[in-house]
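Colleague: One letter stands for each residue in the lines below.
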Amino acid sequence: MKIPKGLRCGIEIHQQLDTRKLFCACATGLSDEGHGAYRRRLKPVSGELGAIDRAAMIQYKKGVGFEYQTVPGLSCLVDLDEEPPVGPDADAVRLGLTFSAMIGADVVDEIHFMRKIVVDGSNTTGYQRSALISVGGHVDIGHKKIGILTTCLEEDAARKISEEKGIVTYRLDRLGIPLLEIATAPDMETPEEVREAALRIGTMLRATKGVKRGIGTIREDLNISIPGGARVEIKGAQELRLLPAYVENEAKRQAMLIEIKGILGKRGAVAPAGDAVDVSDAFGGCGSKVISSALSSGGIVCAVALPGFAGTLNGSGGKYRLGAELAQRARVKAGVKGIFHSDELPGYGIGEGYVKAVFERLGLKGEHDAFAICADRKRKAEKAIAAVAERAAEALSGVPEETRDPMPDGTSRYSRPLPGADRMSPETDIPPIAVDRGELAEIAANLPEMPEETEARLVSAHGINAQQASVLVATDRHELFERLVSGGAETAIAAATLTNTYSELEREGTDTQSIDGAHILRIFEMLSQGAFAKEAVPELVKKAAEGVDPDKAVESLGLSAVGQEEARDTIAKIVSERADFVRERGMSAVGPLMGPVMGALRGKIDGGLANSLLTEEIKRLLAEGK
Amino acid sequence: MAYSKRLETLLSKAGAEIGCRLSVRRGGARFEGILMGHGDANDPDAIVIKTAGGYNAGIMLGEGDSVEVLSPPAKTQARKKGTGKAKNGSPRVAVVGTGGTIAASVDAASGALGPNRALEDLLDEVPGLRDDFEIVAEQPFAVFSEDMGPSRWTALAEAVVSAAAKDVAGVVVTHGTDTMGHSAAALSFMLRGIGKPIVLTGAQRSPDRPSSDAFGNILSAARYCATGKPGVYVLMRGGLNDDEYALFEGTRAKKMHTSRRDAFRAPNVGPFATMDDAGAIEYLRDALPVAKYEPRTRLEPAVALVKIYPGIGPAELSALVSGKKGIVIEGTGMGHVPSALIGTVADLVSSGVLVGIATQCAGGSVNLNVYGTGRALQAAGAIPLSDTLPETALVKMMWALANCEDPAGAMRTPLAGECSDRRELV
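First to last, the sequence lines map onto chains A and B. First residue of the first sequence: 1479, per this note's numbering; consecutive thereafter. First residue of the second sequence: 670, per this note's numbering; consecutive thereafter.
Hints were generated in silico from the structure; no laboratory data involved. Glycine included, each C-beta is placed from N, C-alpha and C at the ideal position. Be careful, since some hints might not be right.
From the structure, some residues in chain B lie toward chain A, with a derived Cβ separation under 10 Å [as the list claims (entries may be wrong)]: (1) A710; (2) A726; (3) R874; (4) T943; (5) A947.
When the alpha-carbon atoms are kept at most 27 Å apart in a straight line, the in silico DSSO-like pairs for lysine-lysine are as follows [as the list claims (entries may be wrong)]: (6) K994(B) / K1539(A); (7) K1539(A) / K898(B); (8) K1623(A) / K1638(A).
Given these sequences and hints, build the entire structure.
Modeller: Okay, structure coming up:
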């Protein structure tokens, strides 16, 4: 299936800032260990129209549903909601202003922190604090401008650690880490543009030098729609390379649902009657494990008639897959493992006879009639079937608006209906913050260097080629490069090391992110002192990637530079051992002998020097023989 | 802070009123949103708008900037009341509201919290309360508890007396936490012998937050009223978990933390009882013996509480207690004052002022026998108040001076569990 025309996509980027927490003086970082378990519950507060989230209210009445683990140094009373917020952190606010200036946005004059109600427990307060910093602005991808709607400063949520027996456990280390939230206009029209825009915004954020790096520190929400489809949000994508796949798969999913809507319309299909029918008696002696284990443990098999849906659940050679949508809804809403539908039956140990029996029990006779069944405990199965009926009814009008979770294979899965307009109220604990126009002007006059500016400067100032400059900037190694060069390193070696050597290491599976910049600086310092030859650099960088201190690595690799005389002795020995070969080949023996010479002296003397010493020794040997 | 004259003119010319949708031009920038109220925390030259995403933001409007009304204020729907109906035979519980964080939400003028939530609205929001209890609510006043004092303690006591006289199992008092200990102590002396539970409770998080402790505290206080032992108590969280509650005798409760939900403690004695999420009570000691109930709600306001500090001299002390009929001195350690003050204390006592000595330590008892200064204070006529909390001692002295024939004797006698001769390891 092709990507449908008229695709519109907007993204929301959430980038963690590398400051202290937004509303306390805690350091920011993640811990593998959490302590304690503070039990809490959150009462849904009524919105402006008096609507209360019923599921959340049921949870509240049940008792504590959330447990929080603390981490010393990375969480405090503010994170536990046992102390009012302190702040916001001035560095974080300034980063928000800086990014706003970089995209040419209009900054507000008073920053008002708001409460965005979230009662899933991911915030101990029951709300996320978030403030609008600016509206408008744009970023460029190629020749296209992508509009920015808003730039907000907000707090990250707590990390979900586990969910067991109705208790969700969170760790408080991530709660309160400042996030910049950048929402674009729905200006992207292809999956590739989405990736480019996300990449561009990410690069600009990194140019501020104030953001965190690494997996999980930047997350994207995608808003995707096609004509005739609906706005669907894929929330929390973390891998840039997968963004085009999410967009493409979602566009195709919407196109499929629109086609199914057409088929159902033609057949005059109507919303299934929501009542679940107990068809357990039709499954006596059924060989399906799912069915027999449900029945033997006192459960039931529950069915819903889907008249007119045949072939849309799983049909046209897998082109139509409404069945998967029904199953996802049932899983999320009822917590069942899955459902069976008539497009995939007989199968899964359910024979033709049982299928016929269900059709009969449901009074289905039409050629396009279908059904879905679920085998589980009575209440669960009924709930699942109700969810199936609800989702099937939505198929009549095409694509339902919803929030979906990104999967590692580039697809997405239903998670919940799209939330209504954000319910926001002022955060009374934080007075409005006046934006100082003088500070804004100062920020605008000293904007961080944009990546392309850095590249151009590297080329003109250091004479490296554009390709190297682009790699250095894209990999965030340009700062290290400039420190090496200003420390006296040879430009070409420094550039080659940070580009070629690093990518070789990456190809070998080494994590170059973990290389300590201080180690690289030390390697080049020793190189300029003549402690070893430049050929030894890659080996030392590799050691540095393993965390080995360069001074120790030089020792353990036996790289200490040898004097010229010692080198000459080594080379003379190699030449004399191969005297016959040298006499036979004459001066053309230099090439073949460089191998053993470098084998003995690599990293200890410069390759050029080795070559000239070898040439001298060969000449001497040949002269002796005359 | 009001709008500046210029902004006021600009807004009125444009016909802008709170709630209308506006388009705002500031220089080359354009903002759109709903006009919100303007408070003390906002710049006089800034308007506050709510943007499409729900965010509020302040926009400064200077010369040449403009506003245009896009649409008039939308009609707001009246909030539906959540009136659950109690099952027949549910316990009747009175609730007396006095304000505090437990009744707080945003105050338009300051932008911060104000004690402005009507008691009935607050009670409507407590999940399960109106299902399980028949509630009789009364709100004599609504203040933050820093504004409580002798006359409001009397008014509160009278409200509680009249609420308790109705056919109710007990009375819940919702109160600000800052001085809830003082009020609880005042009720403990005034309503000695009341045969019903009187439970003061508050909140450390206002009820406009999902994480508020207000709801659980009110429901738990009502539960205690229905099944608990009589007497005046403070009920708050017993720990950092939402399913642990603790009760303290009204004369023993002290706010020990500015912000934690479990801010209240009872120095020297610990909690009187704990309660779980389902309302199960575990008593940690016996309740006070029930005395004859004779409510006496008058107080003598001319009593001072003076904290001793290094360097305080006779002039400072005299200035602080001028015109008082009684003073409670929060002494250092076991109840000491600088030697230079002994003479002043003696003069006060001989002029008829009642002088009591409490300690400023967070735990332990006054003992004026161990050091010379203590003996000198006793000789001067000061009354050691054992381990009575200074706040409780202040209130007790106000009560004793207004209601007892022998106030000095009353100060030396435990009347409402406020002090004890023994302290266990707690």
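Colleague: Look at each hint and say if it fits the structure.
Modeller: Going down the list of hints, with the structure as the test:
no.: 1; hint: A710; result: holds, 5 Å
no.: 2; hint: A726; result: holds, 4 Å
no.: 3; hint: R874; result: holds, 7 Å
no.: 4; hint: T943; result: violated, 15 Å
no.: 5; hint: A947; result: holds, 8 Å
no.: 6; hint: K994(B) / K1539(A); result: violated, 52 Å
no.: 7; hint: K1539(A) / K898(B); result: holds, 26 Å
no.: 8; hint: K1623(A) / K1638(A); result: violated, 37 Å
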